[in-house]
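Trainee: Each chain, written out:
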Amino acid sequence: MTRSEPVAVSAPMAERAASSGIADYLLQVFAVADTEIRKLRHDPGELLTRALQPAIWLLLFGEVMAQVRGLNVGGGNYLDFIAPGILAQSVLFAAIFYGIAAIWERDLGVLHRYMVSPAPRTALVFGKALSSAVRGLVQASIVYALATLLGIHVTFGPLHVIGVVALIAVGSGLFSTFSLIIACLVKTRERFMGIGQVLTMPIFFASNAIYPIDIMPAWLRTISSLNPLTYEVDGLRALMLAGGTSKYGVAFDLAVLAAVFLALVGIAARLYPRLTE
Amino acid sequence: MDAVPFVIETRHLSKHFGDFVAVDDVSLSVRAGEIFGLIGPNGAGKSTLVKMLTTLLPPTSGTALVAGFDIRREPAQVRRKIGYVPQLLSADGTLTGYENLLLSARLYLLARRERQARIAAALEMMDLTEAADRQVQAYSGGMIRRLEIAQSMIHEPAVLFMDEPTVGLDPVARDAVWKHVKELRDRLGTTILITTHMMEEADALCDRIGLQHGGRLQDVGTPQELKDRVGPGATLDDVFAHITGATIDSGGSYHDTQRTRRSIRAHG
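As they're listed, the protein sequences go chains A and B. Under this note's numbering, read the first sequence as residues 749 to 1025, first letter to last. Under this note's numbering, read the second sequence as residues 9 to 276, first letter to last.
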């Protein structure tokens, strides 16, 4: 038994123990994410069907709204304006149903195997978030392809791309973890389906995704400024488009998303075990 | 036998759900290397007891030591030492058998150089080597159960918990699971606690049996001891009826029935 040994460990040994602790933690995070990615590889059809939604938004909604002259989107054309919004939306819609998968895994019994394993709960939550990030990035590359086809002024500068990858990854992780928290609270698929729809719409519409915040009434502007999606879209708007601008600054956007994400991981890790009780 | 240490020791373990007492003051000791059967009808509190011992469910009162660690104060250490085969489906159908084992090997932090050898050995032991690269959804119920046993023992746990391991299996698949469970104990010395509501299973597999009814542990002994207490020629069914005044088929809620049926569908 090592647990009652005295703690007089020499510094290098303690360091080695700490670094192997981190390596162990990362391996467990990777184990969860890799499993999800293998499942996607066995059944990639889902990714393709998910590409339909952003296509419909850009082609139908975007093309029509682009004819409305009354909407001041700050210089550029409307399709350019909503492309980052639709990108964020498609990632949001994919991530927000992560909770359903968690409930499904609980109903099957697969979740029990994660919960009896020695993996820390935060590692399980990070692993799921990481797999959501990978999905989000696949989704993003499809939206990029669509946007390029439609003649939207997308930029592929390396720093821009790196920034977009970071925003999409953190945004995906954030909303999938939020979804996981909802799942832990409502616990059944039926209730989740109901509430999932109710939550997605306000997150999407009370944000700057398809219209500028400036045209909103004051109360809605306040809600939007508390909505993480607003910061994701704001950052994307600066990085995705040639000559794009950000209202809050990309660094601030990323910092807000990262902080909210970490807070949500903490909450989810506490609630996750409740699903198998 | 007295020299063999206890690997599971519960102390006045109870679990209440509101007014309902699912597990009522259970004090139970299981020795290293034993196959211990917890028998009782659906709703007797067997699964709740196992969920507490596997740290999935916090007890209302009392505690337990599993592999030397306290389930309330040291759940992380307990998890390192145990394996759990839930009644539900714990193998992922969209993954292959190999991928399922790889996931367990990583979650249990097996050293990289050992991983492949352990996975190969587990597949071999459960007669699944040839099916390793097929998706689990193409497996038969018996194969899925054997894979679930393989993935829950890949880290060579001190204690393996199995909740109704043969529900829904045909007799041939059931006999194969029994054979593998015994082999596991004989080769690795793993202590195994199974729950079952099938007397035949308890008789064929278990060194000792605990009779669980209405949340309480009613009696403990070897199958023979328990039968002898009732009279010559008695079966375990008779023992159960004698002790509880009920038959094993009675009891069980809508929820239990639903769960059992789902497990049967998954493994059948």
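It is possible that part of the hints are untrue.
What the hints assert, rightly or not - Capping the alpha-carbon separation at 30 Å, the derived lysine-lysine pairs in DSSO-like fashion look like this:
1. K935(A) <-> K89(B)
2. K235(B) <-> K187(B)
3. K89(B) <-> K787(A)
Said to hold, decoys possible - Part of the chain A face toward chain B, derived, beta carbon under 8 Å:
4. G769
5. D772
6. L774
7. L775
8. Q776
9. T783
10. D791
11. P792
12. L795
13. M863
14. S865
15. T870
16. E938
17. S994
18. R1022
These aren't lab readings, by the way, just hints derived from the structure by calculation. Glycine is no exception: its CB is placed at the ideal position from the N, C-alpha and C atoms.
Trainee: Each of the hints needs a verdict: does it hold here or not?
Mentor: These are the hints, each one checked on the structure:
1. K935(A) <-> K89(B): Given pair K935(A), K89(B) holds - Cα atoms ~29 Å apart, limit 30 Å.
2. K235(B) <-> K187(B): Roughly 24 Å between the alpha carbons, so the hint for K235(B) and K187(B) holds.
3. K89(B) <-> K787(A): holds (28 Å)
4. G769: It is violated, given that the least Cβ distance between G769(A) and chain B is near 10 Å, above 8 Å.
5. D772: This hint holds: D772(A) lies near chain B, its Cβ roughly 5 Å from the closest one there, short of 8 Å.
6. L774: violated (11 Å)
7. L775: Holds, about 6 Å.
8. Q776: holds (6 Å)
9. T783: holds (5 Å)
10. D791: holds (6 Å)
11. P792: Violated, because the Cβ-Cβ distance from P792(A) to chain B comes to roughly 12 Å (cut-off 8 Å).
12. L795: At 14 Å from the nearest chain B Cβ, L795(A) fails the 8 Å test, so the hint is violated.
13. M863: Where the cut-off is 8 Å and the nearest Cβ of chain B is about 6 Å from M863(A), the hint holds.
14. S865: This hint holds: S865(A) lies near chain B, its Cβ roughly 4 Å from the closest one there, short of 8 Å.
15. T870: Because about 12 Å separates T870(A) from the closest Cβ in chain B, which is outside the 8 Å limit, the hint is violated.
16. E938: Where the cut-off is 8 Å and the nearest Cβ of chain B is about 14 Å from E938(A), the hint is violated.
17. S994: violated (39 Å)
18. R1022: violated (10 Å)
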